[in-house]
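Chains as they are written, first to last, in my numbering: chain V, 1 to 180; chain D, 181 to 344.
This list has only true hints and no planted wrong ones.
Here are the in silico distance ranges between beta carbons for each label pair:
#1 V:Asp44 / D:Ser224: 20 to 28 Å
#2 V:His168 / D:Ser196: 20 to 28 Å
#3 V:Glu18 / D:Ala251: 40 to 48 Å
#4 D:Arg194 / V:Gln7: 26 to 34 Å
Below are the DSBU-like pairs computed for lysine-lysine, each with C-alpha atoms no more than 35 Å apart in a straight line:
#5 V:Lys88 / D:Lys212
#6 V:Lys122 / D:Lys212
#7 V:Lys88 / V:Lys175
#8 D:Lys212 / V:Lys129
#9 D:Lys212 / V:Lys141
#10 V:Lys133 / D:Lys212
#11 D:Lys212 / V:Lys94
#12 D:Lys212 / V:Lys91
#13 V:Lys31 / D:Lys212
#14 V:Lys60 / D:Lys212
#15 V:Lys10 / D:Lys212
Since the hints were derived computationally from the structure, they do not count as laboratory data. Using N, Cα and C, we set each Cβ at its ideal position, and we do this for glycine too.
Here is what each chain is made of, one letter per residue.
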Amino acid sequence: MPHITDQDIKIILHSDTERAFRMIVETYGSKLYWHIRRMVITHDDADDALQNTFINAWRKLSSFRSDSSLFTWLYSIATNEALTLIRKREKENKVPLDDIENLFALSPEGSTYFDGDEVSVKLQNAILKLPDKQRTVFNMKYFDDMSYEQMSEVLGTSVGALKASYHHAVKKIEKFLEYD
Amino acid sequence: MHQRNVMKLNNEIRNSNPFRVPEGYFDTLAEKTMSAIRESETESSSEDNSVTGDAKAGRKISLRPYLALAAAIAGFALVTTLMVRLVRNDSAGTQQTEEYSLFADLAAEEIDIYMLENELRKTGQPGLSESFEEETLEQEISTEDIIDYLTREDIDINDIYELL
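Chain D with its partners taken away, still in its complex shape (with noise of 0.2 Å):
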């Protein structure tokens, strides 16, 4: 009900225009409109001549295919610095992933020669020469040696055999 009372409002006031204009406004609209028109274009092509006329006087010059030049070269520019510094950063970054390798194969050598040191410091045999450690490293034990050890321990021989 309520609904219908706002549309009968609506309604009322579909044809009710609240909104005045000055008088005599839309007699004086086409004449107004034309001389607006033709104001617009006398700026448009004075606006025109007088960047042609600069330009032929050599005062002012249009800037746009100098900037399209400009535009042009400095894009050149840094795509070459660009491509440059690629290949020097590929060269560069070969030599350092060399250097790279290089060091972690040094590191993981120490890393191997420190925790066999360690190592065999703990299986309590202090005093080990250098001398020694350095073949403990060079040289592989071989099973033979083991026995060798083993007997002159005093350990059966079958044992041995056995635990092999």
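Next up, chain V with everything else stripped away, as it sits in the complex (with noise of 0.2 Å):
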């Protein structure tokens, strides 16, 4: 499949829009859902965050503005809908989801997508008593290696009020991996 660029989408996108959004689908789906997953822990919770991203995608398509980066927007639109499920599930569950094996145990899923070694579930747990910002911004700089520039487009930060967060988040987490 050749590389297709946000250019060649928002061409398309003119004439025949539900080619253009399988496009977007196809070329972001992946990045978008490790984005959310990494936020949400659950493969269901991931999926349904997902989906209600694209969904809203799609139906604020006709407001996308055609100069703007169609990463950063559907970034800005995954970010929310991920902190929106997890403070529904918080809400739900009315206790702190802060701790990795408290998630799967209230997940029908339970542990089922999850593969890690004891390293992984101290550095998750570490990252999951973040605060949510702060999580998705360690989230976002830390695994998805994004620029400082694109993170303060996406979550409508300064980029000193981000790597300040950044540099608090990676504090914390060294001491918690240092103690636990």
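Since each chain sits alone in its own frame, please combine them into the complex, following the hints.
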């Protein structure tokens, strides 16, 4: 399959919206899934949030500015969907979901789609203990290797604040791993 | 040193992904997503149609304009009631203020009389007639009266003038 650019998709959007949107899903589906999955942990929740992301994106397609980046626009919707789902789960369970074992225990799928060793569990637990926004910033920088400028566009936060947030997140995780 | 180990640890697991997905998940994602979109479109349009259809049939009528009208009427009634109450309170308040001031004056007068009576009794003049009391209260005692009184008490006139 040839590499498809944002420009290609934007051109097709004018003539065949459905085809262009399918291209969007094919191009960004996987990236968005992993971004959401690291936030919500379980596959079922990630799948739900991803479907909602695309349904919302479809509905908001007319308001998408052609000079904007599809990637940051979709990332922004996906981040909101992931955070909404996390808050919903916390409200439903009335306990802070800051431990991966608890999360698996509360989910019907359990740990079926998790294959991490002790170190991975420790790191995930350290990340889960971060406040929502700090967790988002950490995941975007550490795992997705996004630039602060891109993150700023997605989260609507200044580059300085994001740098500070990432620095605090790293310190907290290091401290957690050191003492746990 | 320990921190460096921790960071090394993190860097090692940065690229190792502990999460798994069901087999073939990404292969079917686009199809599944497009179906979900179509489904949500159908749902939202059928919701719109059912509301319109019901409204035409006269069974379910959109309540929004009626609610807005009811809210406007309720608001108007509330404002009117409040204004009427305010006006009433104002006039009643004025009357009350007048009454209160009358009462206050009366009370002050009564206290004055009471105090004066007691003062007079303390000065050792029991048995003063009511009329005298009234006169005392009503009339002002002049300097001449005092002089008359003092001269009757055989006090030297020079002393009296000196004192006054």
